[in-house]
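> Working from the sequences, and respecting the hints, build out all of it.
So you can see what is in the structure, the chains are spelled out below.
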Amino acid sequence: MHGRPRKAPTEEEQEASVVKGAKLRSIQAKFFQFHHTNTYTKEALEVNAKLLEMNPEFITGWNYRKLAVQYHLEAAQSDEDSIKSILDEELKVVESALMTNFKSYGAWHHRKWVLNMGHSSTDRELFLLKKFQKLDARNFHAWNYRRFVTALKNIPDEEELQYTTDMIYENFSNYSAWHNRSVLLSRLLKEEVEGYYPKEKVLTEEFEFVRNALFTDPDDQSGWFYHLWLLDQTVKLEHLLVSSWPPNGSNVNVSDYCALSPSLSSISRTLPLILCFSEAVGGINSSTVSVVCESNMDSNLTWTPISVDKSGFARTWLTYLTFSSEPMHPSRNYLVKVSIANSEGIISSAGFCCSNPSHMAFTVCLPSSNTEFDEGPDIERIDWSEENFSSNQLHSENLGLINSFNELTISGGNKKTYETNAKIIADEIAYCRELLSEMDCKIGKLTLARLLLAYDALSSASRGVQDQNMFQYKEILELYHDLMKLDPPHFQYYKDQYSLVFLKQELANEESLLKYCYQYRDSTSLSNNSLCLCLRGLSLSQIGCIEQLLWVQMLDLSNNGIRSIEGLESLQLLCCLNLSNNKICSFSALEPLRLLKSLKVLDISHNEIGAHPIDTRRYLCASPLSHASDWKREEFVVSGPEMTIYWDAFSIFSGLNLRQLSVTGNPIADKKFKLFLCKLLPAMKWLDDEKLR
Amino acid sequence: MGELAVEKHVKFILTIEKEKDSFESVVMEHIRLNGAYWALTTLDILGKLNTVDQDEVVSWMMQCQHESGGFGGNIGHDPHLLYTLSAIQVLALFDKIDALDIDKVSNYIAGLQNNDGSFSGDMWGEIDTRFSCVAILSLALLKRLDKINVEKAVNYIVSCKNLDGGFGCTPGAESHAGQIFCCVAALAVTGSLHHVDKDLLGWWLCERQVKSGGLNGRPEKLPDVCYSWWVLSSLIMIDRVHWIDKEKLIKFILDCQDKENGGISDQPEDAVDVFHTYFGVAGLSLLEYPGLKAIDPAYALPVDVVNRIFFGR
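From first to last, the protein sequence lines are chains Z and W.
So that you can map any letter, position 257 of the first sequence is 257 in full-length UniProt numbering, and since no number is skipped, the others follow by simple counting.
So that you can map any letter, position 237 of the second sequence is 237 in full-length UniProt numbering, and since no number is skipped, the others follow by simple counting.
Note that these hints are calculated values from the structure, not bench results.
Please note: incorrect hints may appear among the correct ones.
Here are the simulated EDC-like cross-link-like pairs (lysine to aspartate or glutamate), alpha carbons at most 16 Å apart as the crow flies [said to hold, decoys possible]:
#1 Z:Lys442 to Z:Asp219
#2 Z:Lys7 to W:Glu269
#3 Z:Lys20 to W:Asp21
Here it is as structure tokens:
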């Protein structure tokens with residue numbers, strides 16, 4: 001029990017408790033007699049009031065009072081004085097109950113119910129609230145009631161904002177006041193109320209305001225959470241196209257990529273086109289995105305959001321360009337121009353419209369005749385051993401395709417906003433450094449790391465060039481390293497952030513990226529492009545920077561500490577994936593793979609699938625447990641009883657056309673499971689390095 | 001580290017059923033149905049559900065049902081969504097959901113949805129996302145979610161999302177771990193977790209772990225074993241549980257045990273009760289403490305019970 005010490009009660013205490021309990025029981029029994037006979041006499045109401053005083057949480061008691069009020073109001077008809085008197089009595093009872101327990105839901109609701117009738121004065125309410133705030137400034141019932149009363153009395157947001165200012169000055173550690181402040185300020189900013197425009201001016205003032213709290217007591221979390229919200233407001237600018245495949249300015253051989261199209265028609269010359277944005281967007285279609293080519297190309301395109309959920313919003317969008325099969329001049333390259341947001345319709349999931357058009361272009365080289373695409377009779381098993389990969393002699397044409405960095409085109413007005421906001425962040429960085437020079441503050445360090453990352457994002461966007469400041473990354477990585485030591489319980493959080501920044505650093509420019517590019521020895525497999533991005537053994541706990549990786553067809557992530565592959569669904573060209581020796585705990589964690597229709601080779605050996613009774617991704621994937629999923633119920637039931645155990649494996653693999661799969665080293669991968677896989681994947685040629693049939 | 005005193009806790013639970021006369025017990029009579037759910041689920045997780053008389057429990061529970069279809073907290077008490085869910089959960093444990101007139105109960109629940117998608121707890125109109133959660137979980141277990149407007153229900157919950165990534169009881173209300181659990185569970189069960197900013201909320205939640213290893217419910221508050229459920233299950237549903245130190249939390253929960261008389265309290269050395277005993281044991285189950293049945297983080301019922309309902313026989 002909250003606040004009651006563990007002490008065996010003495011005999012006397014026990015007896016007294018039983019006596020008190022009997023008293024309460026007897027009052028309850030009397031009350032129920034009145035309640036079940038709909039008796040609302042003065043005596044009955046007094047019994048009820050006594051009951052609620054002893055036990056303010058007795059819900060049925062509050063229900064009864066409402067019935068009694070309705071009964072008596074009907075009798076009073078329109079006599080305003082009687083009505084007021086009846087309702088005032090109710091307010092007294094509530095106040096008395098709240099004195100016993102100011103967290104009683106029933107009491108607060110009853111007061112609202114009474115006030116909603118519109119006959120009572122609201123003058124006393126704010127006074128009462130002040131009293132309760134003094135008793136406990138974090139009482140959320142009181143704060144909620146305050147919102148109710150200010151709405152009833154039409155008190156303007158600016159006045160309430162001042163109230164939060166007063167509360168904060170009284171005590172910086174009032175998270176409830178900071179929270180309310182953020183709610184009110186959001187409204188004032190959104191409605192562009194006089195005095196709260198432009199946004200940058202308000203943000204600058206708020207940063208100054210919160211700085212007082214942070215410098216006074218840096219270890220109190222309340223101010224820092226507010227600071228994070230302000231930072232988020234400063235960084236959140238318009239969503240942009242950040243990368244694409246094919247990349248801007250590249251040249252693509254269409255026949256190299258025919259295998260990746262869904263139809264696999266040998267006559268068609270299809271090419272996937274992938275757009276990746278800074279945040280999840282919706283409304284990508286052939287009217288908001290136009291794709292034009294000199295040669296004959298069907299410009300009525302179907303765009304698909306690449307997302308594991310069905311929200312219709314995604315960071316990455318995919319379409320297929322189909323070039324006509326008329327004979328072409330073999331050595332000519334054809335220009336493809338892509339225009340995004342020429343017309344309205346693209347919105348972010350937060351509801352902001354994209355009003356900034358951007359453009360990109362690339363050239364395609366079409367085959368001279370109708371070359372048939374043939375997967376080849378004897379495709380070899382992919383062997384991921386290190387000796388099969390060499391890092392020299394990367395073909396020059398590969399380089400253009402690796403470079404998916406996009407030159408962001410931002411128009412003049414927006415550029416100024418980016419620069420202004422970058423300056424605000426730069427000032428905050430300076431203040432944060434000042435604070436940290438005086439004391440070792442965990443959340444201050446974390447904030448500094450976030451500020452540096454935000455500054456990098458803003459300043460590179462406004463410069464329009466991916467010119468990463470390598471020194472900045474080094475400092476951020478050091479900060480996360482410090483935090484892992486300073487705050488051990490949250491080690492894994494800092495490790496995940498570290499991994500993301502580390503990847504950003506390593507993939508920042510072409511020179512660095514090439515360090516991780518290897519050629520796979522056998523070039524008869526899949527396509528001419530046997531380029532592998534090798535990120536094995538880097539202690540990565542998380543993957544990110546997917547906008548930099550759209551070009552990847554072969555990816556080695558083995559021997560890391562990866563638990564989740566969120567984001568991997570964007571790598572639509574992926575054919576071969578090695579996730580062995582990681583920390584994948586369930587099949588549901590592999591949900592993103594369902595969207596990788598080109599995936600042929602998968603290694604998930606030596607993970608932890610089957611080792612955990614608790615599945616942390618159960619509700620993040622399509623499953624019979626979630627109401628809105630497209631779970632293939634019929635297929636599932638028909639195929640047999642072992643499906644109940646393997647429903648998540650069924651969900652992931654049934655839609656894929658895998659040729660090679662490794663599952664050994666996972667507790668789930670026994671003989672029974674491997675038999676199930678063979679039935680599920682008839683086109684599979686290798687399972688755990690054994691050739692099938 | 002300590003160990004979980006399973007036998008003591010089982011004994012504690014079976015004894016409180018009998019000790020009904022102390023003041024502490026009488027003052028909880030109005031939520032006895034919730035108490036039954038906490039006690040029985042704990043027993044099931046500990047593998048000891050067979051120590052209770054199933055028929056006796058079910059027969060008492062059915063007497064708590066009101067003519068409207070909803071359940072009251074005890075016999076004679078007014079119906080409310082909170083007790084209706086507990087009744088359904090207890091019947092699920094016993095695999096006796098068919099003892100209900102399913103349409104009658106689901107109509108009672110569905111009738112409490114408002115135009116804006118929110119739910120009132122009962123006919124008296126208190127609105128709170130706790131009730132959205134309870135309604136959605138109840139109807140999902142009864143397989144009658146189609147009786148409500150799920151899209152509107154989800155939209156109302158999303159309108160209670162705060163700028164720190166958390167959720168409150170009504171729009172604009174402060175984030176609180178209990179409300180966060182309610183909203184995340186409701187979104188999970190309706191396949192709507194894409195509305196949650198998992199990184200932002202995950203960080204807010206993992207910051208609930210304080211130096212002692214316990215979890216609090218909001219910033220700058222004291223740790224409490226019950227948050228081992230609400231914070232932990234929320235973290236699990238959004239796959240961010242690796243952001244806390246699980247070993248430290250296990251130790252905190254075990255330190256809150258009364259190893260002599262059984263039961264778990266909110267903090268070490270405080271008085272024990274069935275509420276915190278349940279949350280402590282359920283939390284340990286989520287942390288994969290050995291020897292415990294796995295519990296589902298959204299429905300707060302053992303995984304085998306949930307699988308039995310959704311995968312059928």
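> Next, verify each hint and record whether it holds.
Verification of the hints:
Of the pairs offered as hints, the one joining Lys442 of chain Z and Asp219 of chain Z holds, with about 8 Å between alpha carbons and a cut-off of 16 Å not exceeded. Among the hinted pairs, Lys7 of chain Z with Glu269 of chain W is consistent with the structure: their alpha-carbon atoms are about 8 Å apart, no more than 16 Å. Restraint check for Lys20 of chain Z and Asp21 of chain W: the C-alpha separation of about 9 Å stays at or below 16 Å, so the hint holds.
When held up to the earlier numbered hints, the structure conflicts with none and fits them all.
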